[in-house]
Structures are given as C-alpha cells and as structure tokens.
Amino acid sequence: MIRLYDHELSGNCYKVRLLLSLLGEQYERVPVDLHPIRENRTAWFLALNPHGQVPVLDDSGFVLCESNAILVYLASRPGVPDQWYPRNDVQALGRTARWLEFATRLSGIISAARNHDLMQEQADIGALRSKARSLLRVLDEHLWFTEQAGRGWLAGEAPGVADVACFPWVMLSGEGGIDRLPWPAIARWTDRVKRLPGFVPMSGVFPASPGL
Amino acid sequence: MSIPNPGRIEPVLWDDWHPVAELAALRHGRRLDTGLLGRPLTVTLRADGAIDACSGPHALPHLDTRYGFVWACLGAPVRDIVKFAAADEPDRIPVTGGSMAVAASGLRAVENFLDLGHLGYVHQGYLGEEPHTDIKPYTVGPREGGGIRATGCRVYQPRPSPADTSGYEVDYIYEVHRPYIVVLYKANPVDRTRMDLIALLLQPVSEESCVAHSFMSYPPHDVNEKSVRGFQQLIFGQDRPILENQLPKRLPLDAKAEISVRADSSSAHYRRWLSQLGVRFGAIPQAPA
Ligand SMILES: N[C@@H](CCC(=O)N[C@@H](CS)C(=O)NCC(=O)O)C(=O)O
Ligand SMILES: [Fe+2]
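First to last, the protein sequences are chains A and B.
For the first sequence, the residue numbers in my numbering are 1 to 212.
For the second sequence, the residue numbers in my numbering are 1 to 289.
Just so you know, the hints here were simulated from the structure itself, not pulled from any lab data.
Keep in mind it's a predicted model, so treat the numbers as computed, not measured.
All C-beta atoms, glycine included, are put in the ideal place defined by N, C-alpha and C.
Any given hint could be a false lead.
[Claimed, not checked] Using 16 Å as the maximum straight-line C-alpha spacing, the simulated EDC-like pairs for lysine to aspartate or glutamate come out as follows:
no., chain 1, residue 1, chain 2, residue 2
1, B, Lys136, B, Asp164
2, B, Lys249, B, Glu208
3, B, Lys83, B, Asp52
4, B, Lys226, A, Glu8
5, B, Lys83, B, Glu144
6, B, Lys226, A, Asp179
7, B, Lys226, A, Glu39
8, A, Lys131, A, Asp179
9, B, Lys136, B, Asp171
[Stated by the list, open to error] What the simulated footprint calls covered on chain B by chain A, stretch by stretch (three residues with Cβ under 8 Å from a Cβ of chain A suffice, anywhere in the stretch; the number is not a length):
no., stretch
10, 26-33
11, 93-106
With the hints as extra help, turn the sequences into a complete structure.
Here's what the structure looks like:
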C-alpha cells in the first residue's frame, strides 16, 4: 500500500502524484497542513522526515523523502516499464540524472519566487526571476535540439522521471511572475506531457485544451 | 494620530476595517511585511502576545482581531469590523483558510467569487461539471444593512465540499457586505437545513494586488479542519491564475467597458453598487456621462 504525505499546492508533491497517476498506481493521500498551520514542523512529521518537508512516501513501511528520490524509487520497481527510469541505457540514464538535478535548481528558484508572490515572503524577486529565465532558456534550447533529433523528451526516447520532475516547476513558473511565452519548445513539451495517458493536473495547472 | 492619506483614498475604504494578517500564520512568522490601500504595513506579533502594526514611521492606532485575522483601519473607523450573524451560532466551527496574495484588484476577486458561471469550468470536477454549466436564473437585490444579496442560486456540483463524494444540486446565497468583503452560504452536506458559511475577505494591498483571506464557519458535522483548508486552497489555487490573467487588473465599473459573457446579474449589481458608493481604489470608475 502506497501512502503519500502530501500538500495540494506543493510542486514537489505534484511530481510524485503525477508519476503515480501516469503509472496507474492507486495510493492514499495524507494531507499535511503546511499553510498556515505548519504541521510539517510538528513532532510526528519530523519523525517521518527530519527535514520537515513534503513529499514523503510510505510504501508498506518503506519511508522515503525527497521528491526526486521518490520518483527514482517508484519508477525502478519491478514491473514498471523501463522508460520511466532508463537503467539499461547509460546515456539516457546520465541525462536523467542531469535533468533531475536541473529540476532541483529550478524548483529552488521558482518556489522562492512563488512564495514571494503567493505568501508575501521577502526575496530579491528580480534576481530570482532572472535566474529562472536563464534556466528556462537552457531547457528550451535543450528541448529544441531534442526535437530536431526526432525525440520529444528530456532524457530518452520516451517520457521518463526527468520530464515528470521538471514539468511541475515549469508550469508553476507563472505563479512566480515568470512568463513562459518566449519559449516555444517548452510550450510544445508541456503540451506533450499534458496529453500523456494518466496525466493529472494540480490546482493552478490546467489540463490541455481538447482537440488541439 | 491617524495615517496620512496623500492619495485621498475614499473614506468608504480609508475609514473601514480590512483584514491584514492571518493569526495562525503570524504565530509562525511573527512579522509580516504587507500593505494596505497603497501604504506599506508591517504587522508584528510580540512575545507577550500583543500585536503591533506600523506603516512607515506611523503606528496604527486602530487594530483588532476577529475570525482568526488581524484587522486594521488606517483612518477613523466609522463602523465595526464586518460581522456574519451565522458565525455566532454557538455550535459552529470556525476555520481560516490560509491567505494567498493575488496580482489583481481585490474587487476582481469579489466579482469572480460571485460568478456562478465559472464554477463548471475553473472548478470542473469539484464545484461544477459539463454539461451542467448553464446558470439558472436567480434573484439579486440590495442587502439589508448595505451591499447586495443574491438568492435562489442552484448549481449541480460533482463534489460540493470535502465531505462529499457524490454530486447534487446545491443551493447558494451570496452576500456582498463591504466593497472587499463577500460571503456565500451553501447547504451543509450532512444537515441540509443549515448552511456552511464561506467568506472571502480581500485585503486591498494596492489597486492591482490583494491578499485573499478566507474564513469558513461550519455546523459541527464531520468537519475536518485540515481537509476543509486543503479544499479551500485547492479551489482558490484554481481561481488565482484566472484572476491574474484578467485585464485590466482593476475592475471596470462601466458595465459596457467589458463586453463579457461573465457579466452576469450579480456582477452587474456589484459594479453598480460600487459606483454608487464612490469606490475608486482597485476600480476603473465609470466615465462621466
Ligand atoms: N528537496 C525536497 C524539497 C521539498 C520541499 O521543498 N517541500 C516543500 C513543499 S514544495 C515543503 O514541504 N515546505 C515546507 C517547509 O520547507 O517548511 C524535495 O524535492 O522533496
Ligand atoms: Fe472560483
């Protein structure tokens, strides 16, 4: 039985919900009241994750924190198609690690910009937005070259955990005041993700418009 | 004693109370830098539990708490903080929803809250669903004590509240109490003779930005504070990008200024009422005839 300690508005939790849904996995959501109660700082939660952050996965007693680690674990279980964590293709595996790292950079910056815009947290918002734009430019270029090479996904021939890790934070960039319009390859890629069977949105991220 | 008002913000807003901080959040952060009616505002919770607020060098003379929020008045209060009669029923459970800042006029947020038409689209699968998206006629008029009131609103909802797992037609009443304060009552999923209360309290930070505070009050059936708050944040998280993408960011009061399929009856009444009150902050006033 998979249980996810979760918060609806958390981009890192959304990564995990998205992968679980793409894999067609049933699971139980345990909401953690981050705002404004900060249940993540209470003793019971800190016992689960000493960092005091969601997501945390509990798979029949195996407890794991850190969203990227959870994605890798979920995608590596026996029976899950190889594409999600391409462990038999060294280049795709290397690129997977690279884009998981990228997702971490992106989430750090976008979540700080979003907390500024949404939660009135103090930040140098101009600097954050310009860093976010540089990262998105790198992503857009990579996707453009990928498309030229006849592929549509960040790491391999098929969608994988790299795509799932980056997608939420790209989509949430607007909530940090970062405009995604200048990046056409990103727009095509987010649309491809939205059309995957089993795709789920989160609050603030809308499904693909029908029939396009 | 009171705060200088160089922008000559209309007394109907300047001399009224506005929510400026959620107490539960202040207990963690202790200090919140925010704004009210174009002025900076810092709210601090002191170690002894007292709350201070200042705008630049000026300490705020009028500060109070109600419904789990800190309220402030920059001018000379001409009336009390808003009061919802239903929330006083002794068995009710109050919940605050987790405040969120929005880059749009708070008046836009009120109008969106009143708009039955968006439920089936923006909140698809929760507060509405195709093909049940057309709006049946309802009644709007003045509210006793000021503002406007819409009654007889009925919407089919697949998941009207976190306590529901199936859909049904839900009855709604909407009331605008103050320019930036709106409340809805909807039938409680367990005891349909009583109404859940959901209030959206907008803090006008600037003309084009606000903080949306929400206050809910439920009859004591199956209320799980955590799931109520989670549901509220999910729903408002869907509204926020819609609000932020509306242009202009201020609410045009001229009914003809915005050719809009959204301009339903409540919205038209609301805009007209704001015009009559002389509300300008956060609005684009009607061009003189
Ligand atoms: N590196 C962690 C970051 C998780 C994280 O930032 N979680 C946020 C929600 S998106 C959280 O729990 N914040 C509460 C806090 O840090 O107090 C991961 O990827 O799982
Ligand atoms: Fe809404």
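Find the hints from earlier in the document that the structure breaks and name them by number, from lowest to highest. 1, 3 and 6
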